[in-house]
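Given chain Z, put chains G, X and Y in place with the hints provided.
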Amino acid sequence: MYRRVVVQNEDFDLADEYRRLRQLDAAIGAVVTFCGLVRDCQQQARIDSLNLQHYPGMTEASLNEVVATAEQRWPLHGVSVIHRVGELLPSDQIVFVGVASSHRAAAFQAADFLMDYLKTHALLWKSVEIDGQRSWVEAKDSDQRALQRWMQSSTSP
Amino acid sequence: MYRRVVVQNEDFDLADEYRRLRQLDAAIGAVVTFCGLVRDCQQQARIDSLNLQHYPGMTEASLNEVVATAEQRWPLHGVSVIHRVGELLPSDQIVFVGVASSHRAAAFQAADFLMDYLKTHALLWKSVEIDGQRSWVEAKDSDQRALQRWMQSSTSP
Amino acid sequence: MTGAPGISAVIKLLFFGRLGDSAVTAPEFFEASEGLTASAVRDALAIEHPLLVEALLEPQVLVSIDRVIADWNQPLTDGCELAFLPPVTGG
Amino acid sequence: MTGAPGISAVIKLLFFGRLGDSAVTAPEFFEASEGLTASAVRDALAIEHPLLVEALLEPQVLVSIDRVIADWNQPLTDGCELAFLPPVTGG
Numbered sequence: 000m001y002r003r004v005v006v007q008n009e010d011f012d013l014a015d016e017y018r019r020l021r022q023l024d025a026a027i028g029a030v031v032t033f034c035g036l037v038r039d040c041q042q043q044a045r046i047d048s049l050n051l052q053h054y055p056g057m058t059e060a061s062l063n064e065v066v067a068t069a070e071q072r073w074p075l076h077g078v079s080v081i082h083r084v085g086e087l088l089p090s091d092q093i094v095f096v097g098v099a100s101s102h103r104a105a106a107f108q109a110a111d112f113l114m115d116y117l118k119t120h121a122l123l124w125k126s127v128e129i130d131g132q133r134s135w136v137e138a139k140d141s142d143q144r145a146l147q148r149w150m151q152s153s154t155s156p
Numbered sequence: 000m001y002r003r004v005v006v007q008n009e010d011f012d013l014a015d016e017y018r019r020l021r022q023l024d025a026a027i028g029a030v031v032t033f034c035g036l037v038r039d040c041q042q043q044a045r046i047d048s049l050n051l052q053h054y055p056g057m058t059e060a061s062l063n064e065v066v067a068t069a070e071q072r073w074p075l076h077g078v079s080v081i082h083r084v085g086e087l088l089p090s091d092q093i094v095f096v097g098v099a100s101s102h103r104a105a106a107f108q109a110a111d112f113l114m115d116y117l118k119t120h121a122l123l124w125k126s127v128e129i130d131g132q133r134s135w136v137e138a139k140d141s142d143q144r145a146l147q148r149w150m151q152s153s154t155s156p
Numbered sequence: 018m019t020g021a022p023g024i025s026a027v028i029k030l031l032f033f034g035r036l037g038d039s040a041v042t043a044p045e046f047f048e049a050s051e052g053l054t055a056s057a058v059r060d061a062l063a064i065e066h067p068l069l070v071e072a073l074l075e076p077q078v079l080v081s082i083d084r085v086i087a088d089w090n091q092p093l094t095d096g097c098e099l100a101f102l103p104p105v106t107g108g
Numbered sequence: 018m019t020g021a022p023g024i025s026a027v028i029k030l031l032f033f034g035r036l037g038d039s040a041v042t043a044p045e046f047f048e049a050s051e052g053l054t055a056s057a058v059r060d061a062l063a064i065e066h067p068l069l070v071e072a073l074l075e076p077q078v079l080v081s082i083d084r085v086i087a088d089w090n091q092p093l094t095d096g097c098e099l100a101f102l103p104p105v106t107g108g
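Residue numbers (the numbering used here), protein chains in the order written: chain Z, 0 to 156; chain G, 0 to 156; chain X, 18 to 108; chain Y, 18 to 108.
Excised from the complex, chain Z in its bound form (with noise of 0.2 Å):
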């Protein structure tokens, strides 16, 4: 198994990510991936720009839990997961998942429950400025609901 989870302040690159992950094993079958961007709008209002704030190490470490919970949930052959932190802008990449595996229900289940983990399980402190205004950004209902899919059912290949 290949993990890659990196928090940093430089944007990324998914062509370096997606070679590293289609590369591990020519058993690969399958690799889905995930970019997260940061919108223009929220709640209709037009943002100047976000802005993460991190906990050095503990922030990788909760990053690293929820990988783990994946990879025993898959059968994965590599997963890269890049949370960038600090001052971003609108259109500008936020969050990148990568999931490869030898098939495509399992790397779609995987990518798309480690979001919904990374969501409310990354230590991650989302502020928001609004015509110059910046206000902490408080926790969805949604992304509590999108995590409980992954508790009901047996989503599992």
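Source of the hints: derived by calculation from the structure; they are not laboratory data. By construction, the Cβ of each residue, glycine as well, lies at the ideal position given by its N, Cα and C atoms. Careful, some of the hints might be misleading.
[What the hints assert, rightly or not] Across the chosen pairs, the derived CB separations fall in these ranges:
1) Thr-68/G / Leu-88/Z: 26 to 36 Å
2) Arg-133/G / Pro-74/Z: 23 to 33 Å
3) Gln-71/Z / Gly-96/Y: 32 to 42 Å
4) Gln-71/Z / Asp-95/Y: 35 to 45 Å
5) Asp-15/G / Cys-40/Z: 21 to 31 Å
6) Val-85/X / Gln-77/Y: 52 to 62 Å
[To be verified] BS3-like, lysine-lysine: derived pairs with alpha carbons at most 25 Å apart:
7) Lys-125/G / Lys-29/X
8) Lys-29/Y / Lys-125/Z
9) Lys-125/G / Lys-139/G
Showing chains G, X and Y alone in chain Z's frame:
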């Protein structure tokens, strides 16, 4: 709505496809990509190559129908589907699906749905060469079962 | 437009997937009376080309006329392209 | 190792998310008797720094000691790092 549907012999470049999708609209918050690769083994046999046959014009039309169904079902900013045909070797890329949406649930569901539908609705015929012997691949029951998920439940966001 | 029976029609034939393999002996063109249906052509081919019988008469086989999925009972016109499509296995 | 009460302990404090904003007036270090619990430190901070009260006493706030999520009743030792973690909103 941006739509790109291509059937080609040539390889594709994930980075190019992703760049096109993420730049479509500043409201895009999620881009999900799926890349299908030729696995080196199928049913315990080591394969020499795959060959995908298409019916020019009709195959593209069948892909466009699948994409149109996804566009109706989820709020998407863009969809790309590239299917390769002809001779393919282990670890080669076969198929690309990319979806851009404002929200991650729609992007994941639409990409997953597109792959399930492509497997059963795209006019393509696959043969596999093992130990110098070429044989046609049978339609898979597991693909039919995967498809039924989208019919039984209303999975729209 | 469906022509009157008796007027000769030349139909182009295409066979995909495993049908292409079995159809090595099948003709590229089929001459018939205009107005003949797709199923009549299929049955004639199955009789003349024993290697095609099994694969061609499978219930999952679809037919297209001029690159549009068609009903087996659709009558054929001169110059049309008739394709036999076994179950797909792409992706 | 839990020291005996009375022995002085210096605890490093960290506040994340909206707690960091309200905590502009909160100290970077806290001097206490060794063996004091995380909840005792929280309560003392809430009393001394009114801006922190509401955000700090929310039931969803977690605490970590030396970068490991901890129980509020865990006793603190000299030189440890105590962090207050409001609900996460990442991704």
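Status of the hints after comparison with the structure:
1. Thr-68/G / Leu-88/Z: 26 to 36 Å: holds, 35 Å
2. Arg-133/G / Pro-74/Z: 23 to 33 Å: For Arg-133/G and Pro-74/Z the Cβ distance comes to about 29 Å; the hint holds.
3. Gln-71/Z / Gly-96/Y: 32 to 42 Å: holds, 36 Å
4. Gln-71/Z / Asp-95/Y: 35 to 45 Å: With a Cβ separation near 38 Å, Gln-71/Z and Asp-95/Y satisfy 35 to 45 Å, so the hint holds.
5. Asp-15/G / Cys-40/Z: 21 to 31 Å: holds, 27 Å
6. Val-85/X / Gln-77/Y: 52 to 62 Å: Holds, at about 59 Å.
7. Lys-125/G / Lys-29/X: holds, 23 Å
8. Lys-29/Y / Lys-125/Z: holds, 23 Å
9. Lys-125/G / Lys-139/G: holds, 12 Å
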